[in-house]
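Peer 1: Residues per chain, in single letters:
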Amino acid sequence: MKVPPWIRPRAAMGLGIACAALALAPLLHADVYAHNLLTLTFLGIAAALAWNWLGGYLGQVSFGHAAMFGLGGFVAARAEISLGTPMVIAWCFGGAVAGLYGLLWGHPTLRLRGPYFSIATIGVGEATRLVCTYWDWLTGGSSGLSLPVTPHLKYTLYWYGLAIAALAMAASYALRRSSLGLSLLAIKSDVDAASDVGVSATRLQDLVLFLSGATMGLCGGFYASYFSYIEPGDMFGFDRSISWVLMGVIGGIGTIAGPALGAVIFVLLRQYLIASYPQLYLGLYGILLVLVILFEPLGLTGLLLRVFHKARPDLALEDA
Amino acid sequence: MTEVLRAEGLSKRFGGLKAVDEVTLSLEEGSILGLIGPNGAGKSTCFSMLAGSTKPTAGRVFLGDREITGLPAFRAARAGVVRTHQIVRPFANLSIFENTLVAAVQCARRDRAGARGLAREVLEFTGLDKRRHEYPAGLTLAGRKRLEMARALACCPRVLLLDEVIAGVNPVEAQEMVGLIRRIRDQRQVSIIMTEHVMAAVMRLCERVVVLDAGRLIASGEPKEIVQNQEVIAAYLGKKHA
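Protein chains in written order, with the numbering used here: chain Y, 1 to 320; chain F, 1 to 242.
Derived by calculation from the structure, the hints in this document are not laboratory data. Built from N, CA and C at the ideal position, the CB exists for glycine as well. Careful: at least some of the hints might be erroneous.
[Said to hold, decoys possible] Now the in silico label distances, taken between C-beta atoms and shown as ranges: (1) F/179 with Y/12: 46 to 52 Å; (2) Y/294 with F/65: 57 to 63 Å; (3) Y/291 with F/57: 49 to 55 Å; (4) F/66 with Y/203: 20 to 26 Å; (5) Y/303 with F/189: 26 to 32 Å; (6) Y/131 with F/197: 54 to 60 Å; (7) F/57 with Y/203: 22 to 28 Å; (8) F/66 with Y/131: 45 to 51 Å; (9) F/15 with Y/103: 32 to 38 Å; (10) Y/291 with F/186: 53 to 59 Å; (11) F/55 with Y/159: 51 to 57 Å; (12) Y/294 with F/179: 56 to 62 Å.
For reference, chain Y alone in the conformation it holds in the complex (with noise of 0.2 Å):
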């Protein structure tokens, strides 16, 4: 096969010494609790990073992606429980009708740029949980659904779970390298300019906006396999939205591995804050929120390459 000029051969080893790693561990050191703890974290790894193709890539910040991670999640639910659809098999259907939807109300609304984009999708989050509460042919209502469980499902999902965060990581860096890649920094640097040099902004948008919400309807139905038990609110919750945007934020947006540091450090500290500070927790991140904004806005990874020297990554991508 031969290999895209692109692709760095390092960068390749390590995510796949990385997820060796990580696949063998729990084979040899059992402990449940990390066990949870790690597949949570392969989950907000894979959502953090299908955010930021769109809110990093394209630097079109949206504070409503739960709207897809809940539909694919119910879509994934539902067609196992009525239709008996195999579990995975239901999750890339879930991811696929949360793609579309993505499309549907992105294609309008991607034409809006930065604080507006924002709000819109604001609106879109909050009606989607509203309508998706009210339909309970789908949701369950606020009751919500359960779903089957079966032995040892928990225990397997942790495999699954590294799966989708591996193929995300490599998604990340297929779409930031490849010269798609290249157009999506163009168009979020001036999107008349680059359709005056041939970029088809709108059509690239909708294709990004398709693949981060696939890949967050994929996430919403491993989420529902997962817990075995969903309801809309929590699914849809605000909340939700905005933890992707945090760890984007914390990580380093637009970066290719960031939001995948800052989905580690977010899940990690909230278990963390949440058992030792219930009432502060919130404040706890508003307060790294800030600090990370006002001192470096490529979040830890602008730290690490500051650290280290290197070039910014959201410049220096091809060498001539």
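Once you've looked at the hints, dock chain F against the given chain Y.
Peer 2: Okay, now just chain F, sitting in the frame of chain Y:
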């Protein structure tokens, strides 16, 4: 000589204001046409309509035999009509090389290797190749105007619309820019329409000039005739001096 671009009765209204009013113009293959007029005459709006970034209220645009009226900007660019911007708009987050590479990939539709070759070649042509790893923020205004042209050339245009690429740069750079525009026409077989306030450059470069005033085409002809034209002088300086 064959005609490469033709606009017929091109008009644009913004509410009650006629920014461009029934302008008809034609560009010969391999020539440079000057589009001049006082500020607010509708030159940039004309460019926007030719390049597809603004939809005309009325009128038609043809590239060769093909009608391109109302095509979205990216399609007009791929068809071969590419514009530069009066106020330069580089992609600040991309290196100079990547700025041209985007155009070579998306507009000229080259594969990766072909696009890289084209981008390098265009940067060499415009004299930016040595600085290709830098970012547009490091360039002078003249440099950014060159980049604007390099990016447009990476689209492999048939017709290049240059919106005031000389105005605002120092006299030495202006000389170089005149040379560059001439080389684009001679060596790359690109036909050019340029708007410009620097009349010396227009006189030296353009075979023909059309004059806009208040959205209407008031004169067209060779540069020598145009500067004698009473109506043109009145448009620029007022009736008293005509």
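Peer 1: Please test the hint of 56 to 62 Å on the beta carbon pair from residue 294 of chain Y and residue 179 of chain F.
Peer 2: 48 Å, violated
Peer 1: Is 53 to 59 Å a correct range for the gap between the Cβ atoms of residue 291 of chain Y and residue 186 of chain F?
Peer 2: 58 Å, holds
Peer 1: For the hint 51 to 57 Å, verify it against the beta carbon of residue 55 of chain F and that of residue 159 of chain Y.
Peer 2: Holds - the Cβ-Cβ distance for residue 55 of chain F and residue 159 of chain Y, about 53 Å, lies within 51 to 57 Å.
Peer 1: Could you tell me whether the CB distance from residue 57 of chain F to residue 203 of chain Y stays inside 22 to 28 Å?
Peer 2: Holds, since residue 57 of chain F and residue 203 of chain Y (Cβ atoms, about 26 Å apart) stay within the stated range.
Peer 1: Okay, residue 291 of chain Y versus residue 57 of chain F on CB: inside 49 to 55 Å?
Peer 2: Given range 49 to 55 Å: holds, Cβ gap about 52 Å.
Peer 1: Take the C-beta atom of residue 15 of chain F and the C-beta atom of residue 103 of chain Y, compute their distance, and say whether it sits inside 32 to 38 Å.
Peer 2: 34 Å, holds
Peer 1: Could you see if the CB distance from residue 66 of chain F to residue 131 of chain Y stays within 45 to 51 Å?
Peer 2: For residue 66 of chain F and residue 131 of chain Y the Cβ distance comes to about 46 Å; the hint holds.
Peer 1: With 54 to 60 Å as the target window, see if residue 131 of chain Y and residue 197 of chain F comply at their CB atoms.
Peer 2: 56 Å, holds
Peer 1: Assuming the hint says 46 to 52 Å, is it satisfied by the Cβ distance from residue 179 of chain F to residue 12 of chain Y or not?
Peer 2: Check passed, 47 Å falls within 46 to 52 Å.
Peer 1: State, for the Cβ atoms of residue 294 of chain Y and residue 65 of chain F, whether the hinted interval 57 to 63 Å holds or is violated.
Peer 2: 58 Å, holds
Peer 1: That 20 to 26 Å hint for residue 66 of chain F and residue 203 of chain Y (C-beta), does it hold up?
Peer 2: 22 Å, holds
Peer 1: Do the beta carbons of residue 303 of chain Y and residue 189 of chain F sit within 26 to 32 Å of each other?
Peer 2: Between residue 303 of chain Y and residue 189 of chain F, where Cβ atoms are some 51 Å apart, the hint is violated.
The earlier numbered hints that this structure contradicts are 5 and 12.
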